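In the order they appear, the protein sequences are chains A and B. For reference, each letter of the first sequence is one residue, going 1 to 104 in our numbering. For reference, each letter of the second sequence is one residue, going 105 to 315 in our numbering.
Any given hint could be a false lead.
Claimed, not checked - Coverage of chain A stretches by chain B, computed from C-beta distances (three or more under 8 Å per stretch; other residues unrestricted):
(1) 10-22
(2) 26-36
(3) 46-60
(4) 75-83
(5) 86-95
Rather than coming from a laboratory, the hints here were simulated on the basis of the structure. Keep in mind it's a predicted model, so treat the numbers as computed, not measured. Using N, Cα and C, we set each Cβ at its ideal position, and we do this for glycine too.
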Amino acid sequence: MIDLTTLTPLINGLSVLLISAGAFFFLAGTVGLLRLPDLHSRLHALTKADNLGLGLVVLGVLPRVPDVLYGIKLLLLWIMVLVAGATGAHLIAKRALRGEGEPR
Amino acid sequence: MPHAISARPPLSLPWRLLLLALLWSVIAGRDPLSWMIGLPTVVGAALMSWRLDRTLADGAGQPLADTSPGAELTLDPDRAAAPRSGSRLSLPGLLRFLPFFVGQSVLGGVDVATRVMRPRVRVAPGLQIFPMRLRDPVAQIAFLNSISLLPGTLSADLHGCVITVHALDSSLDVAAQLRRLEHRVADLFGERLGETPDRDPSPPEEAVTDG
Chain A
1 MIDLTTLTPL INGLSVLLIS AGAFFFLAGT VGLLRLPDLH SRLHALTKAD NLGLGLVVLG
61 VLPRVPDVLY GIKLLLLWIM VLVAGATGAH LIAKRALRGE GEPR
Chain B
105 MPHAISARPP LSLPWRLLLL ALLWSVIAGR DPLSWMIGLP TVVGAALMSW RLDRTLADGA
165 GQPLADTSPG AELTLDPDRA AAPRSGSRLS LPGLLRFLPF FVGQSVLGGV DVATRVMRPR
225 VRVAPGLQIF PMRLRDPVAQ IAFLNSISLL PGTLSADLHG CVITVHALDS SLDVAAQLRR
285 LEHRVADLFG ERLGETPDRD PSPPEEAVTD G
């Protein structure tokens, strides 16, 4: 039988690790936004880094949720951010390719 | 018709209202005051998604295509003839898709992070054309969104069934990777893919290079 008191610091450590990794990918997304040469490449950085970054943060927070509903809520938020991010990126990319909207 | 697809009526308005209300209550919690914002949002979202789905069902050919005057629509004859093709999300397909999706998400994030974090950014962006064989509008949207979340690719435009893909490293051929992804999405929705269009898909005029 595993003692819960030895397990808790382990889970906390894992949480910290996952959330830090998530924060790193958010940072990478922002660095990409600043450093990449054109609009479409920047969209890559935002969609992919945010997907992974938020996923890792959600995973890191999951062991600390007060109840199951809260956990479901976090996962739902992740999925909705994924869908919104990918759809938004596609629409921005399409407008830019077709030369609609503000002149560059 | 090569694709065996079972018909599915679009989800009715009351069901949409119920599901979206459930979604809101999960996200906003139990505070009744949250419905001041939640109620109009839920009703609006239900109406809009219902209308969108009916538009998809009526104009079977062009689910995502732009209808603005400047946009040139290349109608795929096969697609235009296809009725509303309601494939269902298959649970075994979902269970196979999820681990793949999570793995690819990690690769995609790591890929873009390593490209931008090194002293000199290592990218060779460019556009590639991919003729899509998926026919169900929902599966097509899932495919377009998955492309953007996976390593190195971003769905940038859609003309009929031809996707313009922006590749972060255009020296790589993304077609093979996209074909694998297309099979995964087809499996996810229980759709059988038809033959690859034999005509050469001509690239849309705007999609030459990207400054």
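Right, here's what the structure says about each hint:
no.	hint	in the structure
1	10-22	violated (count 0)
2	26-36	holds (count 6)
3	46-60	holds (count 7)
4	75-83	holds (count 4)
5	86-95	holds (count 6)
Comparing the model with each numbered hint stated earlier shows that hint 1 is the single one that does not hold.
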